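Engineer: This is what each chain is made of:
There are 2 protein chains.
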Amino acid sequence: MAAPVIAVVGGGQLARMMAPAAGELGVHLRVLVEGPDTAAAQVVTDAPVGAASDEAAIRSLLAPDGGPTADVLTFEHEHVPNDLLADLRAHGTPVRPGPDALVHAQDKIVMRRRLTALGSPCPRWAELPLEPDAARAALADFLAAVGGEAVVKTSRGGYDGKGVRVVRTADGGADQVAGWIDAAAAGGPALLVEEKVPFTRELAVLVARRPSGGVDGAGEVRTWPVVESIQRDGVCAEVIAPAPELSAADAERARDVAVRIAEGLGVTGVLAVEMFEVEAPRSVGTEPSGDATSSRIVVNELAMRPHNSGHWTIDGATTSQFEQHLRAVLDLPLGDTSPTARWTVMANVLGSTLDELTDALPAVLGAHPDARVNLYGKGVRPGRKLGHVNVSGDDLPEVRRRAAAAAAILRGEDL
Amino acid sequence: MAAPVIAVVGGGQLARMMAPAAGELGVHLRVLVEGPDTAAAQVVTDAPVGAASDEAAIRSLLAPDGGPTADVLTFEHEHVPNDLLADLRAHGTPVRPGPDALVHAQDKIVMRRRLTALGSPCPRWAELPLEPDAARAALADFLAAVGGEAVVKTSRGGYDGKGVRVVRTADGGADQVAGWIDAAAAGGPALLVEEKVPFTRELAVLVARRPSGGVDGAGEVRTWPVVESIQRDGVCAEVIAPAPELSAADAERARDVAVRIAEGLGVTGVLAVEMFEVEAPRSVGTEPSGDATSSRIVVNELAMRPHNSGHWTIDGATTSQFEQHLRAVLDLPLGDTSPTARWTVMANVLGSTLDELTDALPAVLGAHPDARVNLYGKGVRPGRKLGHVNVSGDDLPEVRRRAAAAAAILRGEDL
Numbered sequence: 001m002a003a004p005v006i007a008v009v010g011g012g013q014l015a016r017m018m019a020p021a022a023g024e025l026g027v028h029l030r031v032l033v034e035g036p037d038t039a040a041a042q043v044v045t046d047a048p049v050g051a052a053s054d055e056a057a058i059r060s061l062l063a064p065d066g067g068p069t070a071d072v073l074t075f076e077h078e079h080v081p082n083d084l085l086a087d088l089r090a091h092g093t094p095v096r097p098g099p100d101a102l103v104h105a106q107d108k109i110v111m112r113r114r115l116t117a118l119g120s121p122c123p124r125w126a127e128l129p130l131e132p133d134a135a136r137a138a139l140a141d142f143l144a145a146v147g148g149e150a151v152v153k154t155s156r157g158g159y160d161g162k163g164v165r166v167v168r169t170a171d172g173g174a175d176q177v178a179g180w181i182d183a184a185a186a187g188g189p190a191l192l193v194e195e196k197v198p199f200t201r202e203l204a205v206l207v208a209r210r211p212s213g214g215v216d217g218a219g220e221v222r223t224w225p226v227v228e229s230i231q232r233d234g235v236c237a238e239v240i241a242p243a244p245e246l247s248a249a250d251a252e253r254a255r256d257v258a259v260r261i262a263e264g265l266g267v268t269g270v271l272a273v274e275m276f277e278v279e280a281p282r283s284v285g286t287e288p289s290g291d292a293t294s295s296r297i298v299v300n301e302l303a304m305r306p307h308n309s310g311h312w313t314i315d316g317a318t319t320s321q322f323e324q325h326l327r328a329v330l331d332l333p334l335g336d337t338s339p340t341a342r343w344t345v346m347a348n349v350l351g352s353t354l355d356e357l358t359d360a361l362p363a364v365l366g367a368h369p370d371a372r373v374n375l376y377g378k379g380v381r382p383g384r385k386l387g388h389v390n391v392s393g394d395d396l397p398e399v400r401r402r403a404a405a406a407a408a409i410l411r412g413e414d415l
Numbered sequence: 001m002a003a004p005v006i007a008v009v010g011g012g013q014l015a016r017m018m019a020p021a022a023g024e025l026g027v028h029l030r031v032l033v034e035g036p037d038t039a040a041a042q043v044v045t046d047a048p049v050g051a052a053s054d055e056a057a058i059r060s061l062l063a064p065d066g067g068p069t070a071d072v073l074t075f076e077h078e079h080v081p082n083d084l085l086a087d088l089r090a091h092g093t094p095v096r097p098g099p100d101a102l103v104h105a106q107d108k109i110v111m112r113r114r115l116t117a118l119g120s121p122c123p124r125w126a127e128l129p130l131e132p133d134a135a136r137a138a139l140a141d142f143l144a145a146v147g148g149e150a151v152v153k154t155s156r157g158g159y160d161g162k163g164v165r166v167v168r169t170a171d172g173g174a175d176q177v178a179g180w181i182d183a184a185a186a187g188g189p190a191l192l193v194e195e196k197v198p199f200t201r202e203l204a205v206l207v208a209r210r211p212s213g214g215v216d217g218a219g220e221v222r223t224w225p226v227v228e229s230i231q232r233d234g235v236c237a238e239v240i241a242p243a244p245e246l247s248a249a250d251a252e253r254a255r256d257v258a259v260r261i262a263e264g265l266g267v268t269g270v271l272a273v274e275m276f277e278v279e280a281p282r283s284v285g286t287e288p289s290g291d292a293t294s295s296r297i298v299v300n301e302l303a304m305r306p307h308n309s310g311h312w313t314i315d316g317a318t319t320s321q322f323e324q325h326l327r328a329v330l331d332l333p334l335g336d337t338s339p340t341a342r343w344t345v346m347a348n349v350l351g352s353t354l355d356e357l358t359d360a361l362p363a364v365l366g367a368h369p370d371a372r373v374n375l376y377g378k379g380v381r382p383g384r385k386l387g388h389v390n391v392s393g394d395d396l397p398e399v400r401r402r403a404a405a406a407a408a409i410l411r412g413e414d415l
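In order, the protein sequences belong to chains A and B.
Going by the UniProt record's numbering, the first residue of the first sequence is number 1, and it counts up by one from there.
Going by the UniProt record's numbering, the first residue of the second sequence is number 1, and it counts up by one from there.
Source of the hints: derived by calculation from the structure; they are not laboratory data.
Remember, predicted model here, so these are calculated numbers, not experimental data.
Backbone N, C-alpha and C fix where the C-beta goes; we use that ideal spot for every residue, glycine too.
Honestly, I wouldn't trust all of these hints.
[As the list claims (entries may be wrong)] Beyond 10 Å from chain B on every Cβ pair, some chain A residues (computed):
1) Ala3
2) Ala51
3) Asp54
4) Ala117
5) Asp182
6) Arg232
7) Val278
8) Arg327
9) Ala341
10) Gly351
[Unchecked claim] Label-pair ranges, simulated between beta-carbon atoms:
11) Val110/B / Ala367/A: 30 to 40 Å
12) Gly119/B / Ile230/A: 50 to 60 Å
13) Gly157/A / Gly217/B: 50 to 60 Å
14) Gly217/B / Arg232/A: 35 to 45 Å
15) Gly92/A / Val49/B: 34 to 44 Å
16) Gly217/B / Val166/A: 47 to 57 Å
17) Gly214/B / Gln176/A: 58 to 68 Å
18) Gly92/A / Gly92/B: 51 to 61 Å
19) Ala367/A / Gly393/B: 26 to 36 Å
20) Ala57/A / Met1/B: 30 to 40 Å
21) Arg59/A / Ala2/B: 46 to 56 Å
22) Arg401/B / Gly157/A: 48 to 58 Å
[To be verified] One-sided and incomplete, this derived list gives chain A residues near chain B with beta-carbon spacing under 10 Å:
23) Ala21
24) Gly26
25) His28
26) Glu127
27) Gly213
28) Ile314
29) Asp331
30) Thr353
31) Asp355
32) Leu361
33) Gly377
With the hints as extra help, turn the sequences into a complete structure.
Structural biologist: Following this line, the structure appears as C-alpha cells:
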C-alpha cells in the first residue's frame, strides 16, 4: 500500500500542528486552506486553497487531479456543511468524526439534548422557542427558576466567547438578547439558555477514540490527564496539566464523563470536553438535566478536534493530541497519553505589540531556555491566538510564572 | 523584521527533521533537495531542486527570484564545495558552520592535524604520502609500530563505514588498499592510517555552539548527555542516552573534549563528536597524538550537523538537536538540553522487507503504544536508513528491548 493520505478541512494553527505528527508517521497530509499564507499553508506541501463550504473544493481535496485519493476526511474546525459530509460518507469516503457525531459540536441544542439523554452532567438548560414572544416568556420563566441570572447561547456559530451572553432579570432579561431572538425567528441560529453555573474553575478532558480496538472491538479510547483551563475574556489563556488539587476520584469521574460522551456520540478522533467544577454537589433541580446536578462537574462545551486545552500535550505527554487525532482518524492504534513531566503549563500568546513574533525570539529564548515556544506564523491582530508556550517542571508556581513571562515577551511586553 | 529564513543544503532525513522545529519557531525553512520526492521535499513547502555542487543552485537558494533572501546558509551534509562557501561568506552571507570549520568534517587529515594541535585525544595516526612506494613503506612502518593492525581511511568522501578499511600486516599490508593508494597518487583522496583502537564501546557527544553569548561573549555552548552508540556493519543501529555506567568524571571529560573541539574549530551549529571508550589509560606512544593516550576516550569522527547519535533528543530531551541547530545558526539563545526521561533508546530502521513502512503502523503502534515512531518517507533499499524509533523509560533493558522490537516490526520482521 502507498502511505496513507489524510485530508483536513481548515488551514489554521490546528492543521499546522498536525504537520509534524504526519511527517513523523510518514503520513501524507492534504489541507484545504483559506489562503496561500495561512498558518497551515506555510508548513504543508499539499495545501489547496478553498472554502470549507465549497463542495467542489472538498471533493477535489479528497480526489485531486493527478494526486492520490485521500483515505479519510477530517477537520480542524466544525464549520463544514453537514449534508455534504453525509453525502460523502454515503458514497464511501470515511468522514471522521462522522456527521452524526460532528453535529453535536456544531449545534449546542443538539448537544444538550443528547448529553441529557446520555445522563451526562449538564447545567439546567432550556431551548427557547423561535417565536419571539414565546422566547421572551420562556426566558423570563427560566430566569425566575434559576434565580435571575442565566447564559443565553446561539446554537450555532459561536466560538471563543462569541455567541454567548450572560442575561439578568434585573437588566431587562430578554431585552439583552433581543437581536438574537429576532434573528432566530428570521431563520438564524436557534437559542438556548443555561443556568450560570457557580463554578470554582474550568476543567477540560481530552479524549481520543478510534473505530476499532478497545473492549469488544467497540473502539479504542484514551484520555489524557484532566487539565485546568483559565479563560480571559472568554478565550483560553492558560492550561495547567494536570489540574491541581483535583482528587483522584474527581479526575476519574471527569475522565469517565468524557469517555461516555465520546462513546455515546460515536466520536472518531480527538474530543475536548470543557467542564465546570462546582463547589459541592448541588441539590437536584427540576429542569431536564439527567443525573447531572449530583456531580461536582458539569459539561460546558464540546470540540470534536484537537483543542487549545490540549496544546500542552505537544511537549508534556508521550503522544500529542495532534498525532493522536491522525492515528484515530486512520484507525491506527492510539498512543500512550502519559504526562512526561510533573507539571506542564501552556500559556497562549493572545495578540502582540510586535510586528512579527519572531522579533522576540532572542529575548524569549534567552530568558527561558527550557520554554517550548510554538508560533503559528499568523499576522498580528489584537487578541488573536498567535502562538503558545509550554513550560514543564516540578514547581507549579514557578512553572506558571515562567510560562506567563515567556508569553508576555512574545506579546511584546517586558522586551 | 520579517520572519528569519534559513537555507539548508541537502534534502534527506536530517533536513526533514528540521521542519517541525522551524515551524514551531516560526522560522522559514528553504531546502535545496536532490529531487521532488526526497525525505525533506515531502514536508518543506519551499524546496527547490538542485545539486549541492551547483553554484547557481546555491546562489538561488540564498536569493531566489521573488522570494525572501536567506538570513543564513547551513547544511545537512558536508559535501558542499568549500571554495564556494568561502566566496559566499566573503560577500557577506553567513555560512554556518563556516568553511574554515566545515573542512574538519570534510577532510580527515585536516581534522586529525587540527585535533592533534588542540590536544584532543586521538588514536596514533599518520598521513600516507601520495607517492605509492612511499605510501606502502609508511604504512608498513605504521603497522609495525602499532602491532600489525591498523585502519586506513580516505581523507574525503567516506560515511557510514565507507572509506574505512582495517589493514593487517599478516594479510599483506598495503596490498589491501592498493586501489586507494593508486587513486591517491592519481589525484584522488589522500589517505591516513590510524591505530585500531582497542575500544570497549563507542560514545558520542553532541554539542551546539552559536556565535554570541557564552563566557565573555565567545559563543554560547551547550552539550547533551554523553550517549552510547552501537554500530552494525559500520552503521549506527542503536543509541542509548545517557551512556550506561559512565562515571560522572568520564562523562564530564567527554563533554569537555567535545566543547574544546567546538570552540577550537569555531563551529556554529550542532557538532557530533564520535568517540571510542578504551579499557584503561594506555601508555604514551611515540606517534603524534598530543596528550591523547592518557585518556579513557579517543576521538573517532566529527560531523558538523545534526547526527544520527542525536535523534533521541527529539523525544528524550527538552530541546532537540534539530531545533538547536536552527537556533545556533540564527545566533538565537540555545535551548535547555536536559533529558526528559531516565533513559531514551533510539533504534534505527535499516532496510525493510516491506514495500512501504507505513504498512507496519498498525502492528508497531499496537504493540508499542509509547514508542515514538519517526519515518523518513524514503523508498525501501537494503540497509538504508528509513526511520527510527525512540522509547523512553526507567528500566533500561526493557526500554532497549522495546525499541529494538518496534524497529524490527518496521523492518518487516515479527509482523
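Engineer: Non-interface claim for Arg232/A: all C-beta distances to chain B beyond 10 Å?
Structural biologist: 23 Å, holds
Engineer: Okay, Gly214/B versus Gln176/A on CB: inside 58 to 68 Å?
Structural biologist: 60 Å, holds
Engineer: Does Gly213/A meet its interface restraint, that is, does its C-beta lie within less than 10 Å of any C-beta in chain B?
Structural biologist: 8 Å, holds
Engineer: Does Val278/A clear chain B by more than 10 Å, comparing its Cβ with all Cβ atoms of that chain?
Structural biologist: 34 Å, holds
Engineer: Quick check for students: does the CB of Gly351/A sit more than 10 Å from each CB in chain B?
Structural biologist: 16 Å, holds
Engineer: Holds or violated: is there a CB of chain B closer than 10 Å to the CB of Ile314/A?
Structural biologist: Holds: closest Cβ of chain B sits about 8 Å from Ile314/A, inside 10 Å.
Engineer: Holds or violated: is there a CB of chain B closer than 10 Å to the CB of Asp331/A?
Structural biologist: Result: holds, 8 Å to nearest chain B Cβ.
Engineer: Range first: 30 to 40 Å. Now tell me if the beta carbons of Ala57/A and Met1/B are that far apart.
Structural biologist: 35 Å, holds
Engineer: Hey, does Ala341/A actually stay past 10 Å from chain B on C-beta?
Structural biologist: The claim breaks: Ala341/A does not keep its Cβ more than 10 Å from every Cβ of chain B (closest is about 7 Å).
Engineer: Should the hint that Gly217/B and Val166/A are 47 to 57 Å apart at their CB atoms be regarded as holding?
Structural biologist: 55 Å Cβ-Cβ, so the 47 to 57 Å window holds.
Engineer: Tell me if the interface restraint on Leu361/A is satisfied: Cβ within less than 10 Å of some Cβ in chain B.
Structural biologist: Holds, because the Cβ-Cβ distance from Leu361/A to chain B comes to roughly 5 Å (cut-off 10 Å).
Engineer: Just double-check Ala117/A for me: nearest Cβ-Cβ distance to chain B has to come out over 10 Å.
Structural biologist: 33 Å, holds
Hints 1, 8, 9, 21, 26 and 30 from the earlier list are contradicted by this structure; the remaining hints agree with it.
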